[in-house]
Structures are given as structure tokens and as C-alpha cells.
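> Those sequence lines, one after another, are chains A and B. Residues are numbered in the working numbering as their position in the first sequence, beginning at 1, plus a constant of 19. Residues are numbered in the working numbering as their position in the second sequence, beginning at 1, plus a constant of 319.
None of these hints come from the bench; they were simulated from the model. Please note that the accuracy of each hint is not assured.
[What the hints assert, rightly or not] Distance condition first, Cα-Cα at most 20 angstroms in a straight line; then the derived EDC-like pairs of lysine to aspartate or glutamate: (1) A:Lys85 - B:Glu617; (2) B:Lys485 - B:Asp421; (3) A:Lys216 - B:Asp612; (4) B:Lys621 - A:Glu65; (5) A:Lys90 - B:Asp612; (6) B:Lys470 - A:Glu198; (7) A:Lys23 - B:Asp511; (8) A:Lys217 - B:Glu450; (9) B:Lys519 - B:Glu617; (10) A:Lys179 - A:Asp119.
Values in this document were obtained by computation on a predicted structure and should not be read as measured data.
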Amino acid sequence: MFKKLSNIGDCGIVCDFGNEVNQKINTEVIKLFYYVRQQTFNQNLEGILNCTPSYNKLIINFDLKKINATKILNFLKSIDFTKLKLSQNKKKWTIPICYDFAMDLENMSKVLKIDKDEIINIHSKTVFFIYMIGFVPGHPFMGDLDSKLFLNRLKTPRVKIPAGSVGIVEKFCNIYPYESPGGWNIIGKTPTKLFNKKDNNKPCLLSPGDTVRFKSISKKEFEDLGNEQ
Amino acid sequence: MSNNFFEVLRPGINTTFQDKGRFGMQHLGVAPSGCMDHKSFLIANALVSNDEKEGVLEFAYQGPLLKLAKGKTKFAITGNVLFQIINSKNETISGECNRSYDLDEGDQIDILATRQSVYGYLSVEGGFEVEPFCNSISILARANIGPNEGKKINIKNKIPLKTNRKEKNNYAVNFSLEKKNVIRILKGPQFDYFSESSKKEFFFKEYKITNLTDRMGMRLEGKVLKNIVSTNIRSEGITKGAIQVPEDGQPIVLLTDHPTIGGYPKIANVISADYDLLVQKIPGTNISFKCIDLQEAEQLYKEWCSNISKIIKDIKKIK
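If we strip away everything but chain B, and leave its shape as in the complex, we get:
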């Protein structure tokens, strides 16, 4: 416990505490939640020497304006984010992602926007001092689960920090962000519910990400997928990344805050290795799907993991 805290001067659009997620509760109606973009989350923690289980602040589009009202800390921002640091002398320093910064009492972090992406992450050395619920500090705002009464961060909230700044050095890493718009999928359990032409078109036509997209799901717009068997199935457990197709034939990708059970046929499932890439696509982006097999998906996941490990290993002290 440190008594250090941030004061929220502007909350941002959708700012929440998130970590790896809350598991083992889906059978009680509690979705896992957790960070949308795990890669950015893991790098954010590594840059301030935190354990990978530590919670961070996730923001979307416009982030918060935070004032360090008490104490000293070190922070890092990951994703593709435009931000600045305003120190107590009112000097403005433009911020760079993927590096850590020292922050002193009275300094402010102004997270202006995510660039060509949706989510960004703010980690602090030692983590945030908030009460976990069932082993996770992830906020599931839809069900008001988690710290801050399960609600998004709001203006004038106090955000307490666990520790005072200890580490003397700052660290940074360079890597390029993936830009491709092809998302790889595995066929879903009800793939054969769809007409022959729809099964083909699903892979050849582009789908536009609509504005009706949030932490729970991503509604797509494109060629109508024709269900020839049944548009309703018995409610069943939902898996993150499932692409379900309701009666109107427009696919919805179920994301991190998905309902725990649901009853629409699923044509496909996004592979784990492409999930972070997908959730960072802004509405209006056209994406297409490529079908691969399970072995390939598992191999790609291994590569995804080792790529992150490599980035984390490449983190260097700033001279």
C-alpha cells in the first residue's frame, strides 16, 4: 500500500481495469473479460517490470487525462496511441508508445487518441491498488462485475497505485505493428448450416466492420449468409472469437465480454493468433476471412507467443 493515486480529470470513452481475465465462472454466467489485445497488455506490463498477471488500464479511442495527485511512479503506454505528458511546470512532452516514463507528483498523462486502432494500455510500476473479484481485476461493465463497482472509470475517480517508484532506469522496445486485413478462421460447429454459395462467399467477399462494435462483439456488414437449416439453435456456451450469424445473415464476431451462452449458429471461429489483430481494427475497415486447419492454427499460436517473448526480451534500458 502506498497512498499514491491518480485523479481522473477526464475519463475517456471506455476506460476500464483489465488483466488476463476471470476464468472458471462462465457456468455461473460470468464471461471471462480481460484485455482485448493481449499482446499490447503483456508488453505494457513488461516495460515497467511487472508480472504478466498485473492489471492495467485499458482505454478505447479517446483515453483518460490522469493527474498523479500523490507520489511518484513509472508508466508505459502500448498500442498505437497519441499521448502527452504535462509536467507540474506546465511543460508538454509528446509521448512515445512502448517505452516507460517517470512521473512525479502533479504530472499529468493526457491520452488523446488511439491511432488507426481501437485499444491502448496504460501500465504503472507495481500495478493499481484495486480490489480483485474472484482473482481478477477485470471490469465486466455489462454486468457491473469487478473493481470500481464494475463500472467504467469516471471523472473524479481516484485510482490508487500499489507502490512508489523504485526502478531507476527506463526501458523501451521497437517492433512493428501488423497491418493485414485478412483474418484466419477455423470452420465453426454449424458451418454446414449455410448454403453452398454462402460458404464460398464467406471467404471471397469482404466484410465491413460496423459502428456496432464494442468489447462484447463486432457486427460485420457484407454479403448476406444464407442459413438453409435453422437460424436458431439451442443455447450453448460461447467461445471468444466465434462468428455467429443471426437471422439477418450478417455475421457478428463475439469478443472478450461475450454473453456466456447464446443460440445463433456459428459459421466460424477466429484463430487465437489473429484475435488481437482483429479487435484493433477500427469500424469502417474491410476485412476478409481465410480458412485454415486446426494444426496450422496451433502452430500460428506458438509463433504468436514466441513473437511476444522475443519483443519482451528485446526490451532495452534507455541510455
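Looking at chain A on its own, in the form it has when it is part of the complex:
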């Protein structure tokens, strides 16, 4: 249940679920996200343009020609949160990763004082929950890593990180869908394409609320999978 509702500008609403970042709170955000989308789809709610979940907030943007802040606030206040479900939408993904492409494993091992194989072992055993997707198309922010692997961002971000790189910072793990600059510690690389610009029906592989487990593959398998796409 949200703690506070407010408007942002004349065509946006912020549903604020509090300051904590954990899966329990984020699950509530995502449940509301799916409910609003479903109500929009069923035409019970008109004029919704975008619905953006993040760790602890849901931002709803709407077409002021069709609806206004008061109507959306009333709609939100009328929701019975005990009846919102996530299960039907939640998908479990297994994403291949080749740890041979790690750029920071050596350094991680030194800083954390944990053997490289053990770092890989912990990472590949973690079931990651997708908190949100964004910044660039298809880019997932996932958690929670074992606290043994908590690391800060790189002091000097890299100018170029190859597409598919998997990074970790604190309890979070991400996958860079495109070649881009970035400051996360790179632990491996996946050949899986996260966003397909040619697919009009389902361009984005992952959704907020899905879970991801990484499956370790060899360089050879990486190349074979990469060629299939």
C-alpha cells in the first residue's frame, strides 16, 4: 500500500511507498503497476500514457485531455490492495552468462578477499528479482546479492562497456543492453539480447517483477548462442 499520493506537474501522479528499497515494497509497487495497466487495457481507466515502477514509487503519466489528477487519485484510493496479485505476470528466466568476460573479477576477489570461483558460485546461485527496467531500453536493475559480494561503483567509470555485460554494485546486479559508459563492476557477459528494436509485439525480454537466474556457459557456448540471434 502506498504511503503518500501526490501530483507531479499537471499530468503525473506519484505513488510513494516509503523510503526503503527491498523486494517486499517493490513487489507492492509492481502489483499496483500491473493493476493500473490491466485497468487501462480493460478500458476501466482512460488516458493513461505511461506507468513507471521504480524501487519504491509508481509514477503514472496521463493525457490531460482525457483524465485529470483528481480522477486518478480517486481511482487509486479506491483500490483494495489485499486483492492485488502478481503471480500471473511473474516470469522466471534463466539467462546464460559467460564469466570469462569478467573485467573486474580479479579486483573483486582482492577487495572482497573471496576466491574468484566462490564469487561466481554465489552470483550464479542467486535468484535475482527485477526491481525495475529503465534508463535505457531493456536495462534491468536486479537484486539482492549476498552481502558478501557488496561492492561500490568503480572510482572511474568506464567509457565503454560492451553490450550484454553483467555488472554488480552493492546488492544490485544489472545487464547493459547496449554498449555504453558505466561504473558497475563487470562480472561476466550474456549473449542474450534484452531489447529487440524490430519486434513490435514484445521488444523487451524482461519485465519488472520477473526473476532471473544466471547459468554459467563457456566461451564456445557464448559464441554459438550469439550466432543464433
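With the hints as your guide, set chain B onto chain A.
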């Protein structure tokens, strides 16, 4: 399908296909994009009898030089734009905004510059024949989303048109462009993160639009806004027109191609009715902010819509 097309002889600085925008994808990391100045966009389509959903070419500062390599069309340019038509006999006709023109095979449209403004729009009768992605032809160049592989229009590109010219008449409309430099805003979710003096100064001091301004955001320069709570917040969804204040205290207005999520406190949000006015301000312009309430913003939006409808109704046949 018509096989008609423009050949791009000069692409201009930032020429892209745009329409109303691509919605319902922000949760996947795709910003809405779409036309920066919606009013000019809607009028551009209306002048060539297009549906308001049709895509147009948006350009900034210097526009493209286009040659109609095949076919006949009708076009209109809106905004405040200096342009000329060069016909196949090499005669030059100086162009007027807010009216439609016939264009024959071999004719060229030379869009020289936007005057005291940033964006201009080129519509053609029937629209451009380009592949939409998720129901929109808007190009989000930052993420390479949309037609033309998500890239800005480039030299030698072919721009196909959907239809051949059908309409016999040409149309025009007259209206004056708004010039005021006062932008109305609503208080943002983190308004109270700022010191008492900053909250006052935000409304009394002028802010200069800097060169670091594009479709994604507008960096302002002026009195430093002092954050007394926290300069970072948890990343949250971004709304167009949000005015965020990073650590250096200089505000940034997030525009149409904004990131989908971001983590800076937002002091205010530009009202929908003043958004087009703001994005057309050129760098170097001093603007100031006026705080209003939500009901007033909603009323102003209604007036903004009816003003556009009135302009569109006033479009008359050229005798």
C-alpha cells in the same frame, strides 16, 4: 504506397521523424519522445488535411534541403522558419510558414533556419511512408529507436511519401506566436528539499537557458539552489517538464526525450500549457518561473487546447 520520395541533399542539424509519441513503454526503458512543440505539429498536419496522428519531420535551428526526386506532393512548414522553394527551373520562391504549397517533381525545399526559436515542422499530404515501431514513428536518437534505424536524417537518405498529391487547393492560417519569458510551474515532489531562500529565489531570479540544451533536457544557469535535505533520491520515473536540481544547484528541465528514470530532486514541473513555449526558447534567453496551482494549470491546458482548435478551424483556402 506511392514510390514518391524526397532525396536529402543536406540533412540539417537535428532532423527526425516525430509524431505524438510512443506511450506505454516507459516501464521498459523507452521514453515517449514525439514532437517537442505539439502546437506547431498539430497545425502542420491540419494544413495538409492530415490526421493529427500523422508523423512529420522535425528540425532544429538549420533544417534540411530536400529534393522531391519522384512524384507530386503538398507540404506545409510551421514554427517560425526561414525557408525557400527552389523549383526545377531554378526559380526561388521565399516560403511562408503556416500555409501549404504544391511541390512538383524536381522541386526543392530549402529550410534555412528557425528564427528566434528552436524547432520547426514539415508535414506532407498523406504523411511519410516509414515503418512505425510500437505504434509510433518518433525517432528516439539517444537509444536508436524508431524508423531510419532510430537515427537522425542523414545526407542521401531517401524519405518516401505515402501518397501522391490529391488535394487541389492550398490552405493557410494566421496567428501570432507567444513571446513571453515567464514559464508557469507547479511545485515538485521535493520542493521542500530546498532552503527557504532558494525557494523564494527560484521565483524571483531569472535563469538563463544554456547551450547544453537538446531534446532530452534544458540546462539552466542562475542563482544556485541550495538543497538542505539530500541531493540524491532513489531513482524514480521521470515526467516531461520536471525541473530537477543536481548537486551543483543549477536546474535542468527534463524534456521530451528524457531518461525514463532518474534520481535527482525535483523542485518544480513546467505546466503542460507552457511546455511548447519553453522548448522553443533559444539558448541565451533569460526565463523566470511563476508558481500556480493545479486547478489553474488544468484550466490553462483547456484554454491551450481550445486555442489550437480555434487556429485549426481558422485555416482557410487560399484564393
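> Next, verify each hint and record whether it holds.
Hints and how they fare:
Under the criterion of a C-alpha separation no larger than 20 angstroms, the hint pairing Lys85 of chain A with Glu617 of chain B is consistent with the structure, at around 12 angstroms. At most 20 angstroms may separate the alpha-carbon atoms for a hinted pair to count; Lys485 of chain B and Asp421 of chain B meet this at roughly 10 angstroms. For the proposed pair Lys216 of chain A and Asp612 of chain B, the alpha carbon gap of about 40 angstroms is over 20 angstroms, so the pair is violated. For the given pair, Lys621 of chain B sits about 18 angstroms from Glu65 of chain A by alpha-carbon distance, which is consistent with the 20 angstroms threshold.
Distance hint between Lys90 of chain A and Asp612 of chain B is fulfilled; the C-alpha atoms sit about 17 angstroms from each other, no more than 20 angstroms. A hinted pair counts as satisfied when its Cα atoms are at most 20 angstroms apart, and Lys470 of chain B with Glu198 of chain A qualifies at roughly 16 angstroms. Distance check on the hinted pair: Lys23 of chain A and Asp511 of chain B sit about 15 angstroms apart at the alpha-carbon level, within 20 angstroms; holds. A threshold of 20 angstroms between alpha carbons decides the hint, and for Lys217 of chain A with Glu450 of chain B the separation of about 10 angstroms falls inside it, so the pair holds.
For the hint pairing Lys519 of chain B with Glu617 of chain B, the CA-to-CA distance comes to about 24 angstroms; that exceeds 20 angstroms, so the pair is violated. As the CA atoms of Lys179 of chain A and Asp119 of chain A are separated by approximately 18 angstroms, the hinted pair is consistent with the 20 angstroms bound.
The structure is inconsistent with the numbered hints 3, 9, although it conforms to all the rest.
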